[in-house]
Structure formats: C-alpha cells, structure tokens
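Chemist: Each chain is listed here by its residues.
2 protein chains.
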Amino acid sequence: MRAEIITIGDEILIGQIIDTNSSWLGQELSKMGIQVVHRTSVSDNAQAIINALNSAKLRADVIITTGGLGPTKDDITKHTFTNYFNTELILNQEVLTWVRDIFKRRKLPMVDSNNAQAMVPKNCEVLFNRSGTAPGMWFDEEGKIFISMPGVPFEMKVIFEEQCIPRLHKRFSLPVIIHRTILTCNIGESFLAQKIETIENNLPPHIKLAYLPSVGMVRLRLSGTHSHYATLKEEIDEIIATLYSTIAEHIYGEENDSLEHVVGVLLKSLNMTLSTAESCTGGYISHLITSIPGSSSYYMGSIISYSNEVKINELGVSSQILNTNGAVSEACIIQMAEGVRKKLNTDYAIATSGIAGPDGGTPDKPVGTVWIAVSGKKGTIAKQFNMGDHRERTIHRSAIQGLDMLRKMLLEDI
Amino acid sequence: MRAEIITIGDEILIGQIIDTNSSWLGQELSKMGIQVVHRTSVSDNAQAIINALNSAKLRADVIITTGGLGPTKDDITKHTFTNYFNTELILNQEVLTWVRDIFKRRKLPMVDSNNAQAMVPKNCEVLFNRSGTAPGMWFDEEGKIFISMPGVPFEMKVIFEEQCIPRLHKRFSLPVIIHRTILTCNIGESFLAQKIETIENNLPPHIKLAYLPSVGMVRLRLSGTHSHYATLKEEIDEIIATLYSTIAEHIYGEENDSLEHVVGVLLKSLNMTLSTAESCTGGYISHLITSIPGSSSYYMGSIISYSNEVKINELGVSSQILNTNGAVSEACIIQMAEGVRKKLNTDYAIATSGIAGPDGGTPDKPVGTVWIAVSGKKGTIAKQFNMGDHRERTIHRSAIQGLDMLRKMLLEDI
Chain A
1 MRAEIITIGD EILIGQIIDT NSSWLGQELS KMGIQVVHRT SVSDNAQAII
51 NALNSAKLRA DVIITTGGLG PTKDDITKHT FTNYFNTELI LNQEVLTWVR
101 DIFKRRKLPM VDSNNAQAMV PKNCEVLFNR SGTAPGMWFD EEGKIFISMP
151 GVPFEMKVIF EEQCIPRLHK RFSLPVIIHR TILTCNIGES FLAQKIETIE
201 NNLPPHIKLA YLPSVGMVRL RLSGTHSHYA TLKEEIDEII ATLYSTIAEH
251 IYGEENDSLE HVVGVLLKSL NMTLSTAESC TGGYISHLIT SIPGSSSYYM
301 GSIISYSNEV KINELGVSSQ ILNTNGAVSE ACIIQMAEGV RKKLNTDYAI
351 ATSGIAGPDG GTPDKPVGTV WIAVSGKKGT IAKQFNMGDH RERTIHRSAI
401 QGLDMLRKML LEDI
Chain B
1 MRAEIITIGD EILIGQIIDT NSSWLGQELS KMGIQVVHRT SVSDNAQAII
51 NALNSAKLRA DVIITTGGLG PTKDDITKHT FTNYFNTELI LNQEVLTWVR
101 DIFKRRKLPM VDSNNAQAMV PKNCEVLFNR SGTAPGMWFD EEGKIFISMP
151 GVPFEMKVIF EEQCIPRLHK RFSLPVIIHR TILTCNIGES FLAQKIETIE
201 NNLPPHIKLA YLPSVGMVRL RLSGTHSHYA TLKEEIDEII ATLYSTIAEH
251 IYGEENDSLE HVVGVLLKSL NMTLSTAESC TGGYISHLIT SIPGSSSYYM
301 GSIISYSNEV KINELGVSSQ ILNTNGAVSE ACIIQMAEGV RKKLNTDYAI
351 ATSGIAGPDG GTPDKPVGTV WIAVSGKKGT IAKQFNMGDH RERTIHRSAI
401 QGLDMLRKML LEDI
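Chains as they are written, first to last, in the numbering used here: chain A, 1 to 414; chain B, 1 to 414.
Among the hints, erroneous ones may be present.
[Unchecked claim] DSBU-like cross-link-like pairs, simulated, lysine-lysine; straight-line CA separation at most 35 angstroms:
id : chain 1 : residue 1 : chain 2 : residue 2
1  : B       : Lys170    : A       : Lys104
2  : A       : Lys268    : B       : Lys378
3  : A       : Lys73     : B       : Lys268
4  : A       : Lys107    : A       : Lys57
5  : A       : Lys107    : A       : Lys31
6  : A       : Lys208    : B       : Lys365
7  : B       : Lys268    : A       : Lys104
8  : B       : Lys268    : A       : Lys383
9  : B       : Lys208    : A       : Lys107
10 : A       : Lys157    : B       : Lys343
11 : B       : Lys343    : A       : Lys342
12 : A       : Lys383    : B       : Lys343
13 : B       : Lys157    : A       : Lys57
14 : A       : Lys343    : B       : Lys343
15 : B       : Lys157    : A       : Lys107
[As the list claims (entries may be wrong)] Which residues of chain A face chain B? A partial, calculated answer using Cβ under 10 angstroms:
id : residue
16 : Ala46
17 : Ile50
18 : Thr276
19 : Lys377
20 : Phe385
21 : Gly388
To be clear, the hints were calculated from the coordinates, so they are not data collected in a lab.
Backbone N, C-alpha and C define an ideal beta-carbon position, used for all residues, glycine too.
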C-alpha cells in the first residue's frame with residue numbers, strides 16, 4: 001500500500017511556515033504499514049493542485065492533501081476537488097448545524113463565508129471536524145482514496161486519527177506491524193547507544209530500532225513486521241523487557257506519555273501535593289504540569305521569582321545568601337525549594353535558578369549554569385547542570401531535569 | 001525565475017525528521033525574487049530522484065536538491081546526478097585536501113568512503129563546503145541550474161549563502177519581489193476578511209494577500225512582484241497603511257514579531273515593571289514573557305495560584321468572594337490582578353482565571369469560560385471570554401488575550 005502526501009499553500013513554498021503536517025502524516029502512515037513514496041508541496045493554484053493529484057495517482061493508492069480549506073478567497077482546495085471529479089458542491093446539513101453551533105456557543109455572528117463551509121463536493125464522504133469549521137473530505141474514485149484535510153495541524157490530526165485511520169483499515173488489508181516506543185530522558189543518544197549496543201546487535205532482521213531525539217529526551221522505537229501478530233508481539237515484549245533491565249533509570253514512560261503526566265500520576269497515587277519556585281525556567285515547569293487535565297488536584301501553584309526581591313519576600317531566601325553566593329547557587333536553590341514548599345503548604349516542591357542567557361554569564365558561572373532542587377518530606381536534593389548556551393533549550397532541559405528529579409524522588413518515596 | 005526544491009531521504013518521508021531545509025530555502029529564494037513553484041520529497045532511490053528532476057525541469061529554472069550526499073551506502077544523490085547527466089566521476093584535488101585536513105584535525109582515521117567524497121561529476125562546479133566533508137555541486141545544463149547540497153541544515157545553509165546566492169545573482173537577472181506581513185490577534189480569519197474586504201477586492205493583480213492563521217492569531221501577508229522595486233514598495237506601503245487605518249486595534253506587530261516581545265519593548269520604553277497572577281493559564285503567560293532575552297529587566301515574577309488557598313493567602317482574594325462568586329468571576333480576577341501588582345510591587349499586572357477543562361464546567365460557567373484582568377496605575381480592566389472546549393487552546397488563547405489587553409493598556413498610558 002503506497003501513499004503520497006500533498007500539502008497546499010503558498011506559505012509552505014515561501015517557507016513562512018514549516019510543513020509539520022507531512023512529517024506527522026508520514027509517521028502515522030508508516031506505523032500503519034502504508035509506505036509514503038512521495039511528498040509534494042504546491043501553491044494555492046488550481047492547476048498546480050490538479051497536476052499534483054494526477055502525478056500522485058500514478059504512484060500511490062492513497063493521496064492525502066492538507067490545506068486550502070479555510071473560509072477565505074485564497075483557499076481553493078474544495079473547489080479544485082469539485083472540478084477534478086467533475087461534480088458539484090451540495091449543502092451538508094450536519095456540517096451547517098455544527099458550524100452554526102460553534103458560532104452560537106462562542107456568541108459570534110456568522111458571515112457568508114462560514115455558511116459556505118457546509119458546502120461539500122457531491123461525491124465525497126464528509127470527515128467530521130470536531131475541532132474546527134472546515135470539514136475534511138474522503139473520495140473513493142478510480143480505485144484510489146483521496147483525502148482532503150484542513151492545514152491547521154490540530155484539526156488535521158484529530159480528523160486523521162478519528163476519521164481516516166479506521167476508514168483506511170476498513171478499505172485496505174494492511175500488513176501486521178507493531179511499534180513500541182519507550183521514552184528516556186537526560187541521557188544523550190550516543191551514550192544510550194553504547195549502553196544498549198548488545199541488544200541492538202542481536203535484533204532479528206524483521207525488528208528495527210530507531211533513535212528519535214528531541215531536547216533532553218530520546219525516544220527508542222522498535223518496529224517489527226511479521227505474518228503472525230502474537231509471535232511478533234512476544235518477540236517485541238521480550239526486547240522491551242531487556243531494555244528496561246538495562247537502562248531502567250533513564251526510562252520515564254512509553255508511547256506518547258509525557259514526564260509531566262507521569263509525575264502527575266505518581267503524585268495522585270501517593271495523594272501528595274506539589275508546588276514550584278521557578279526562576280530561570282520562568283513558569284515553563286508550571287505550564288507543563290498544568291497542561292495535564294486534572295492537575296489542580298495535586299498542583300497548588302508556583303512562585304515565579306524572576307527578581308531577587310521576589311526570592312527574598314515571597315520565598316524567604318536570605319539576602320545574605322543572594323549577596324554572598326548569588327541567586328544561582330546551591331544555598332539559594334535549597335532555600336527556594338524549601339521556601340515554596342512551606343509557603344504553599346505542599347508535600348513536594350521543585351525549584352530552578354540559572355543563567356538562561358544570552359547575557360548574565362560570568363567566567364565562574366557561564367551561560368547555561370542551572371541549579372535545580374527538589375524537596376520532599378525526607379529532605380531536599382540540589383544539583384548543578386550546564387545546559388549549554390541556547391536560551392530556549394536551557395529552559396526546556398531544566399524543566400525536564402526538574403520533573404525527572406521529582407519523578408525519582410517520588411519513586412523512592414512510594 | 002522559478003525554482004523547485006527537492007529533498008532526498010527516506011527519513012523525511014517516514015516523518016522521522018521534519019524538513020526544515022525546504023522552508024529555509026523557500027524563504028531565501030523568495031527574498032531573492034525567485035518564485036518557489038513546487039517542493040518535493042523523495043526516497044533514497046535513483047529512479048525516484050531522476051523522475052523528480054525530470055518533472056522539476058518542466059516547471060522550474062533552478063532545481064535545488066538537498067540530501068543523499070553522505071559517505072554511506074544509502075546516499076546515492078551524487079551517482080544519480082552523474083548518470084543523469086551521462087558523465088563520469090573525477091577526483092577533485094581541492095576537496096580531497098580539505099577532507100584529509102578535517103580528519104587530521106579531528107585525529108580520526110580516513111576510510112575509503114571518505115576519500116570517495118572527493119570524487120565529483122565531471123560537468124559540475126564544486127560548491128565548497130567549509131562545514132563538512134560532502135561538497136555541494138552546481139550544474140548548468142540545458143539552460144537550467146541544478147544545485148545539489150548536503151541535507152545537514154547548517155552545512156546546507158552555509159553553502160547556499162556563500163556559494164549559491166552570488167552565483168544565482170550572476171547567472172540570472174532577478175525580478176523584484178516584496179513580502180510584508182502584519183500580525184493580528186484576537187480576531188478570527190473570517191471577521192478579518194470581512195473588515196478588509198474592500199482592500200482585498202481592490203488589490204492589483206500583481207499583489208496577493210494571504211491569511212495565515214494560528215491559535216488566537218492571523219498573519220496577513222502581502223506579496224508583490226514587479227519590474228521596479230521603488231514602485232512596488234510604494235504600492236505595498238500604501239496598502240499596509242490602509243490596513244493599519246482599517247484594523248489598527250487588531251494589529252500588534254509586523255514580520256516575525258511576537259506579542260510577548262512587543263509588550264516587553266513597550267514596558268522597557270516606559271521603564272515599567274510587570275507581574276502576573278495565573279490560574280487557568282498555569283504559568284504559560286509567564287513562560288512566554290520570560291522566553292524573551294532581557295525580560296528580567298521588566299518582569300518581576302508571578303504567583304501561579306492554581307488552588308484557592310494560594311489565591312487567598314498569596315494574592316489576598318477574599319474567601320467570601322470565592323464562596324459567593326467563585327474563582328472564575330469578575331470580583332475574583334480583579335482582586336487577583338490588583339493583589340499581585342501590590343504584592344510583587346509592579347506597575348502592571350495580568351491575571352487569568354478560568355475553566356480550561358475538560359472537567360469543571362457548569363451550566364452557568366461552561367468549560368472555556370475565562371476571566372482576564374490587566375491592572376495598571378490608572379485602574380483595572382476585566383473581561384470575560386469563552387475560549388472553547390480544548391484545554392491547550394484555551395490556555396494559549398487566554399495568554400494571547402492577556403498580553404494583548406496589557407498591550408492596549410500600555411499604548412494608552414504612553
């Protein structure tokens with residue numbers, strides 16, 4: 001089974017946005033055992049879209065387009081598909097009701113272009129878009145599947161997951177593929193590779209291992225193909241077990257889990273509460289924690305102490321320590337963690353203080369120097385790191401370290 | 001002048017890496033007045049590469065490929081070009097010396113595959129790669145330019161900037177293209193379209209308007225082509241001025257600016273300080289503000305009050321108001337904004353309180369209900385919103401609203 005992805009929009013060609021849809025779709029299709037043979041990006045131009053569809057049809061069984069479905073004049077994908085299949089637009093009552101409800105709920109007036117979103121090509125099956133107003137479309141023509149989805153990534157993802165994956169499984173008989181991903185943090189790709197070298201060298205040819213690095217994290221993905229599901233599952237389970245016994249301390253979760261979710265689950269199971277005191281991470285740890293639904297049951301809040309005054313007045317850091325040791329020091333970070341834990345009356349606390357840069361570095365404490373502490377009922381642990389000289393990455397890495405230090409403390413306290 | 005970008009590599013098709021090379025090249029080519037008409041990604045397969053080159057030749061004058069130039073077996077771009085132009089590989093002494101020097105400097109042994117990097121197609125001009133071992137190649141054949149560069153982004157960028165841009169200017173007489181982008185927030189795409197309908201309808205055919213929406217924001221991009229730079233610039237300046245006079249209140253910046261940067265610049269110019277009190281946004285506003293280098297000069301910190309206790313104890317919200325009006329109310333949000341402004345002793349403050357969901361909604365206050373307040377020396381402004389039923393988007397939209405309300409207050413205070 002072969003697929004081609006076509007992303008539509010001038011903004012992609014001129015590089016104003018990065019085409020993340022193609023990558024995400026490439027991953028999802030590969031996971032299903034559908035081979036992506038080609039990717040194309042074309043402008044908002046009917047002939048260019050038609051040419052791309054015609055070329056794709058020669059290479060692939062499934063042709064997926066994203067983009068050009070908005071309510072404005074430069075969005076021409078729907079009309080192009082209508083012409084391409086020599087059909088007409090008809091009103092879809094379900095979509096109209098949905099669009100009207102959205103505007104009603106948000107107490108916004110409808111304009112003509114919004115009503116027009118309920119018009120769809122006669123030969124398509126509507127792919128309901130519960131995150132937006134532009135419906136997706138599924139065409140089954142000439143033995144090929146053509147899918148059209150909005151370009152907004154979160155709308156596209158929900159439509160693909162909920163509407164397209166089940167339909168593709170129903171329409172085609174796809175091979176047996178199993179993917180398992182384990183998630184590691186705070187260990188580099190090459191160190192990880194060294195630790196699991198023997199496991200990797202002994203993999204059978206039908207099971208592959210991929211390293212997928214991102215800031216502070218490496219995902220390890222095993223992908224296997226086989227004629228028999230149960231045999232493959234058993235093989236992969238065994239390799240996963242060996243990985244766990246080899247690099248247990250670095251593994252924080254599996255599949256699409258996040259560190260902030262894992263920490264939340266642990267806090268909930270212990271019936272414990274958390275607060276944070278953030279300086280260099282500036283609220284990013286708090287943002288990650290509160291991105292988890294239900295986090296209000298264990299997360300009480302944070303004192304973001306970007307200035308020394310806030311560190312002194314709100315967290316009880318001694319001004320003597322700030323003068324002598326500085327804000328980026330072991331003494332300060334311990335007072336911050338213990339201060340916020342006491343002040344917000346929580347069982348645990350995370351604190352960060354560092355020099356995110358680009359300014360503020362000294363020979364003693366260069367840009368990237370970060371102190372992180374976690375505090376619990378059995379004590380406080382503080383560590384120093386050098387996170388490098390890139391502001392955004394330093395913030396992200398520090399957040400991951402702080403959450404991981406808390407995760408380890410929670411595991412010991414269970 | 002028309003260009004096509006071809007990125008080569010299985011890892012792109014399966015989505016293991018995001019193709020940032022195409023976006024970057026798209027930007028650079030557009031800036032030079034070269035129109036990118038098509039982008040393609042193909043696998044490490046000779047026939048797929050040849051097909052892509054043949055198709056590109058029909059559409060474009062400049063065909064740029066990246067990827068497949070490494071020393072390993074799956075890197076076949078150079079051999080494919082050699083066959084494509086029916087030529088042979090010859091040794092390039094300059095490249096050989098360079099590669100040998102690199103290995104000598106790094107104290108690494110050379111293997112045969114490294115020596116092979118000095119072999120280049122006879123008909124190419126070598127594009128020297130001072131960041132790596134694989135040279136780029138420039139072919140001038142059949143009146144078209146074919147460029148092959150490595151896929152590693154920083155190597156590709158240096159080669160393109162230092163070697164390709166000057167050659168392209170020398171080889172072609174390039175037209176004038178001007179892009180201008182203005183940034184709007186807190187107005188939907190369709191409402192914006194309605195407000196500027198007349199402007200859009202009166203655009204000359206050589207100037208195009210594009211809507212680029214993201215959560216809470218729409219970028220409006222004007223793109224014009226013309227034979228004469230000054231004339232085009234004047235035309236576009238005039239349209240921009242009309243846009244400003246039509247939708248001034250929604251415009252927060254231009255080009256790659258961000259709302260948090262704009263707010264920071266205003267605070268700096270006024271020599272004023274800021275604090276935040278975040279409930280439903282959980283630190284996201286603070287994270288955005290502190291993502292700007294130098295924000296510590298105006299941002300003092302935040303009280304993230306995810307629990308009612310923190311609202312009462314740290315922000316001075318009255319427990320009577322929490323019992324009677326609830327945490328998501330006008331009375332509470334005003335006390336939060338004024339409370340943090342006083343507590344952290346700042347000139348301005350932003351506060352948020354809402355129901356991000358998925359739980360916690362009531363018929364009176366459904367999921368998505370958010371109160372936001374900004375407080376300054378002249379008073380406090382509070383507004384209620386419905387941000388929809390998607391947790392992440394509610395957090396993002398609320399942050400954008402909060403920053404925009406502050407921006408407007410700052411502009412009035414200037």
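Chemist: Under the constraints set out in the numbered hints, which ones does this structure not fulfil?
Modeler: 1, 2, 3, 4, 5, 6, 7, 10, 15, 16, 17, 19, 20 and 21
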